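Chemist: Can you build the whole structure from these sequences, using the hints too?
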Amino acid sequence: MEQDLLNILPQLIVLATSMLALCFEMLRRATGSLWVLVIGLAAAAGVAISKLGTVTTAFSETFRVDFLSLWAAIILGGAGILSALLMRQELRKTGREGTLSSLVGFSTLGSMILAGAGDMMFLVLGVLISGLTGFGLAAYPKTDKATEGGIKYFIYGSVTGAVMLFMLTFWAGTSGSTLLSALGQPGLEPVLVLLGFAGVLAGLGYSASLFPFHFWTPDVFEGAPVSVAAFVSVTPKIGAFFALAQVMRSLHPEGLDYNLILALLAAFSMTFGNVVALWQKNVLRLMAYSTIAQAGYFLLGVIAINGSELAVSSLVVFSVAYAAMNIGAFAIIQQVGPQILNFEGLARKKPFMAVAMVVFLLSLVGLPPLAGFAGKFLLFGAAIDVGYSWLAIIAILNSVISLAVYLRIINPMFFKKQPVFSSEPSTLLRWVFLSSFAVTVLVGIAVRYFL
Amino acid sequence: MMTNFPLLSITLFLPLLGAILLMAFKTGRKGTNIIAVGTAFLTLLGTLGMAWRGLGTGFSQVEEVAWIPQLDVAYRVGIDGISFTLVLLTGILFLSSIVFSTKIKQKPRAYMALFLMLETACLGVFMSLDLLLFYVFFEITLVGMYFIIVGWGHENAKKAGVMFFIYTLVGSLLLLLAFLALYLNADPRTFDMRALIENPPVTGGIAVFTFWALFLAFAIKTPLFPFHSWLPLAHTEAPAAGSAILAGILLKLGAYGFIRFMLQMTPEMFREFAWVVMAVAVFSVVYGALVAMAQTDLKRMVAYTSINHMGYLVFGVAVAAVGSESAGIRGLDGATLQMFSHGIVTGLLFLLIGAIQDRVTTREIPVLKGLLKSYPLLSGFFVVAAFASLGLPGLAHFPAEFQIFLGGFEDYPWAVVIMLLGLVIISATYVRSIQRSFMGAADRNILKMVKDLNARELLAFVPLLILIILTGVYPDWILKYIHETVKLLM
Numbered sequence: 003m004e005q006d007l008l009n010i011l012p013q014l015i016v017l018a019t020s021m022l023a024l025c026f027e028m029l030r031r032a033t034g035s036l037w038v039l040v041i042g043l044a045a046a047a048g049v050a051i052s053k054l055g056t057v058t059t060a061f062s063e064t065f066r067v068d069f070l071s072l073w074a075a076i077i078l079g080g081a082g083i084l085s086a087l088l089m090r091q092e093l094r095k096t097g098r099e100g101t102l103s104s105l106v107g108f109s110t111l112g113s114m115i116l117a118g119a120g121d122m123m124f125l126v127l128g129v130l131i132s133g134l135t136g137f138g139l140a141a142y143p144k145t146d147k148a149t150e151g152g153i154k155y156f157i158y159g160s161v162t163g164a165v166m167l168f169m170l171t172f173w174a175g176t177s178g179s180t181l182l183s184a185l186g187q188p189g190l191e192p193v194l195v196l197l198g199f200a201g202v203l204a205g206l207g208y209s210a211s212l213f214p215f216h217f218w219t220p221d222v223f224e225g226a227p228v229s230v231a232a233f234v235s236v237t238p239k240i241g242a243f244f245a246l247a248q249v250m251r252s253l254h255p256e257g258l259d260y261n262l263i264l265a266l267l268a269a270f271s272m273t274f275g276n277v278v279a280l281w282q283k284n285v286l287r288l289m290a291y292s293t294i295a296q297a298g299y300f301l302l303g304v305i306a307i308n309g310s311e312l313a314v315s316s317l318v319v320f321s322v323a324y325a326a327m328n329i330g331a332f333a334i335i336q337q338v339g340p341q342i343l344n345f346e347g348l349a350r351k352k353p354f355m356a357v358a359m360v361v362f363l364l365s366l367v368g369l370p371p372l373a374g375f376a377g378k379f380l381l382f383g384a385a386i387d388v389g390y391s392w393l394a395i396i397a398i399l400n401s402v403i404s405l406a407v408y409l410r411i412i413n414p415m416f417f418k419k420q421p422v423f424s425s426e427p428s429t430l431l432r433w434v435f436l437s438s439f440a441v442t443v444l445v446g447i448a449v450r451y452f453l
Numbered sequence: 042m043m044t045n046f047p048l049l050s051i052t053l054f055l056p057l058l059g060a061i062l063l064m065a066f067k068t069g070r071k072g073t074n075i076i077a078v079g080t081a082f083l084t085l086l087g088t089l090g091m092a093w094r095g096l097g098t099g100f101s102q103v104e105e106v107a108w109i110p111q112l113d114v115a116y117r118v119g120i121d122g123i124s125f126t127l128v129l130l131t132g133i134l135f136l137s138s139i140v141f142s143t144k145i146k147q148k149p150r151a152y153m154a155l156f157l158m159l160e161t162a163c164l165g166v167f168m169s170l171d172l173l174l175f176y177v178f179f180e181i182t183l184v185g186m187y188f189i190i191v192g193w194g195h196e197n198a199k200k201a202g203v204m205f206f207i208y209t210l211v212g213s214l215l216l217l218l219a220f221l222a223l224y225l226n227a228d229p230r231t232f233d234m235r236a237l238i239e240n241p242p243v244t245g246g247i248a249v250f251t252f253w254a255l256f257l258a259f260a261i262k263t264p265l266f267p268f269h270s271w272l273p274l275a276h277t278e279a280p281a282a283g284s285a286i287l288a289g290i291l292l293k294l295g296a297y298g299f300i301r302f303m304l305q306m307t308p309e310m311f312r313e314f315a316w317v318v319m320a321v322a323v324f325s326v327v328y329g330a331l332v333a334m335a336q337t338d339l340k341r342m343v344a345y346t347s348i349n350h351m352g353y354l355v356f357g358v359a360v361a362a363v364g365s366e367s368a369g370i371r372g373l374d375g376a377t378l379q380m381f382s383h384g385i386v387t388g389l390l391f392l393l394i395g396a397i398q399d400r401v402t403t404r405e406i407p408v409l410k411g412l413l414k415s416y417p418l419l420s421g422f423f424v425v426a427a428f429a430s431l432g433l434p435g436l437a438h439f440p441a442e443f444q445i446f447l448g449g450f451e452d453y454p455w456a457v458v459i460m461l462l463g464l465v466i467i468s469a470t471y472v473r474s475i476q477r478s479f480m481g482a483a484d485r486n487i488l489k490m491v492k493d494l495n496a497r498e499l500l501a502f503v504p505l506l507i508l509i510i511l512t513g514v515y516p517d518w519i520l521k522y523i524h525e526t527v528k529l530l531m
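Chains as they are written, first to last, in the numbering used here: chain L, 3 to 453; chain S, 42 to 531.
Simulated from the structure, these hints should not be mistaken for lab results. Owing to the predicted nature of the structure, the values given are computational and were not obtained by experimental measurement. Beta carbons are placed, not taken as given, at the ideal position from N, Cα and C, and that holds for glycine. It is possible that some hints are incorrect.
[As the list claims (entries may be wrong)] List of simulated lysine-lysine pairs, DSBU-like, C-alpha gap at most 30 Å: (1) S/67 / L/418; (2) L/351 / S/148; (3) S/148 / S/67; (4) S/200 / S/148; (5) S/148 / L/418; (6) S/199 / L/351; (7) S/528 / S/414; (8) L/351 / S/71; (9) S/146 / L/418; (10) S/144 / S/199; (11) S/414 / S/144; (12) L/95 / L/351; (13) L/283 / S/199; (14) S/67 / S/146; (15) L/418 / S/199; (16) L/351 / S/200; (17) S/414 / S/71; (18) S/71 / L/418; (19) S/67 / L/351; (20) S/200 / L/418; (21) S/144 / L/418; (22) S/200 / L/283; (23) S/146 / L/351; (24) S/144 / L/351; (25) S/148 / S/199; (26) S/148 / L/283.
[Said to hold, decoys possible] Covered by chain L, per the in silico footprint, the following chain S stretches (three or more residues, Cβ under 8 Å): (27) 183-192; (28) 211-219.
[What the hints assert, rightly or not] What follows is a set of in silico ranges between Cβ atoms, one per label pair, in the way DEER data are often shown: (29) L/41 / S/230: 37 to 45 Å; (30) S/58 / L/54: 31 to 39 Å; (31) L/266 / S/230: 28 to 36 Å.
Modeler: Have a look at this one:
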């Protein structure tokens, strides 16, 4: 038991700090709760770093401590810190921003639990915690748009959560256990396994805004505070894909080609997201469809999880890259404004900010030597390694379309004359995008440490 | 002496250092020009230093640092005769282009920084001995050129830039897939180009896939018909020095890829499908020539002649893939020499067109008249460069094209006959355009009192002109490096 607790120390730290942050909020010490959260998440990430290399389980195999869940603690810890700093900067003076800190903490915890799930109940728990806190974050400003987004997020979340829970009973029924590892035994009823798989896809697909479970995404991104959009575009998604990887590791491929299902979803998600993003005028909606497209890329790593040594590291590297470039881009959007018009002439007024935005967006396209390239490179390699070359080709064609999408933001920054933007970024914001920038630039060079 | 001195890496990153300096300090226009020209000059010295150290057989002066050891990706650079030729070309043409561009008034710091960054990327492509490193530099050239076209180009620059970026991104992503296929099939898995050349890894179905992915990637970049449609627009809209670099260096990335990857890493497939490559090359020769003839814009005309010239070049490589040893050596010698000569000739032509446009504000052949009277020096340079481009003996293209034809004629006389037809059309195109724009009575507008070539332009043009003549009459100065490598390669 003691060993079990030690094994999940990062998650326990996040739990403790989230509750502590809540206490500070009750005392109306918003700043205090922010710093508690930052320190807690940093400590959790630090502990996870020190544990890298451990492979074990906790609580009778229900929680997996491995490369994926440890890296999840590191990445999600970092993403949580950056998002919380962004929220603090954006929502200062509301008086209740301590609430945000604790919600960010709990949501991060939910995604960390997902990433190490070894049991069906942990899947449900993770989806629910990260979802429930997400509704609160999305609807926080209480404007019409925010409320609309929050409600959509809530309705989709409760429906997919219920579907997931219901379908999981088929798994438990056929395998006689709620452990994911029990799904590895031969002789399970394929139809029941497929039903359970569909349920898991619905729940995790919703968290990850994967087509066709993505419908809440654009409205939440548009309505919620920009910093919240940054957070929900990163944290639940990474948790969900790591969870899906844990599930795929356990499934026994008997008669059913789960990979093919995932590959089709990946192809649709990428293509749909990118093509729809081409027509968006609002940068936040554009980014929403971009995250739907990027969700497809994550699936390449999940598909390869049983067949390629590259798969696990490709998921981790792409997650690091994705978190850094997405949060960085949202930090700049928060400063500049939600319309493409707001970006006109940015290069003239704020050259570094414009260059940083180009770096984030080109990294999302997957151009070297940026982090997004390192991630996609490993993902493509993993997919080809398990015989999914056609999917890699579709992913590549999508990268080309996504270039056209992101150029729609890049071009006005450099090639329009009138600068309309003038406010100075705050120190906090500067820190956020400097650290995202550093990660986005350096991960390509330092990728050896993730393997 | 000083065998461990990392000359290649220093030369490679020198321009980048210059770019960073320019971005970091608010240098005035003069300071910007000094830093840019100085860096480009030092870089050229670095490339000359490589020749002075001497090229051994195979890849020499190799420098290697581990990058992702788990995947056997490393920072590996080195040169052989073929890559050295292109490295030297890069050093020369960038210096000329940057000297020519010192007149730029619009955001000169960003312009020069982009140019220098682009130079590092180009050098990196030619020096890389690692697939992943190659790919990284290959993509950076795209980004750099995109911003140069869109930021400093003419009216339709944005459309041209986006088209250029998207088209060539398709190619380079296919390239990435091919590289992954090469990596995954190598035993042991590696990104080391030397190992992949030593033991071409792909066989069977995956080899077919790899070959065609490589072919598409490089055919778009080169470009060959029908993958060329991004090129005329990009050339027309780019600023003069941008066009020079685009035609002079970036197109060579494709041609270089034909040799380095298709010929050396998928030789079996190349042998099998050489006829397709030849057919596309021969068609590009005739197509490029015919379409060039129909152009009224000088820049577009030269752009289409590039398609024609790249056709000869790729034909030479295809001969090396399939022909006898002697024919192959001639073909490949010629193709590599053609890369160099096309770089300096077309580079000079585009810079000259830029100089013409600076003076008379148009590039339309029907509007231009009697340039010779007002600008004898400028016209003289143009006529020599144009004659070089059409393959006049004694100028740079002749020894290259002659060798390609000689190599090809042994086994494919008909292909050579058709290509000679392309040569005739190109000659007619140039002669006619020279006659129309430079001869005759000058138009009133042309007679504006602008000086003939100034010191800045002479400084940019004269070295290129000297090289064109030198390569024409004594090609052996560069061919000796090429030939050693080519012999080894066949």
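Chemist: So, against the hints stated earlier in the document, which numbers end up violated here?
Modeler: Per hint list: 7, 17 violated.
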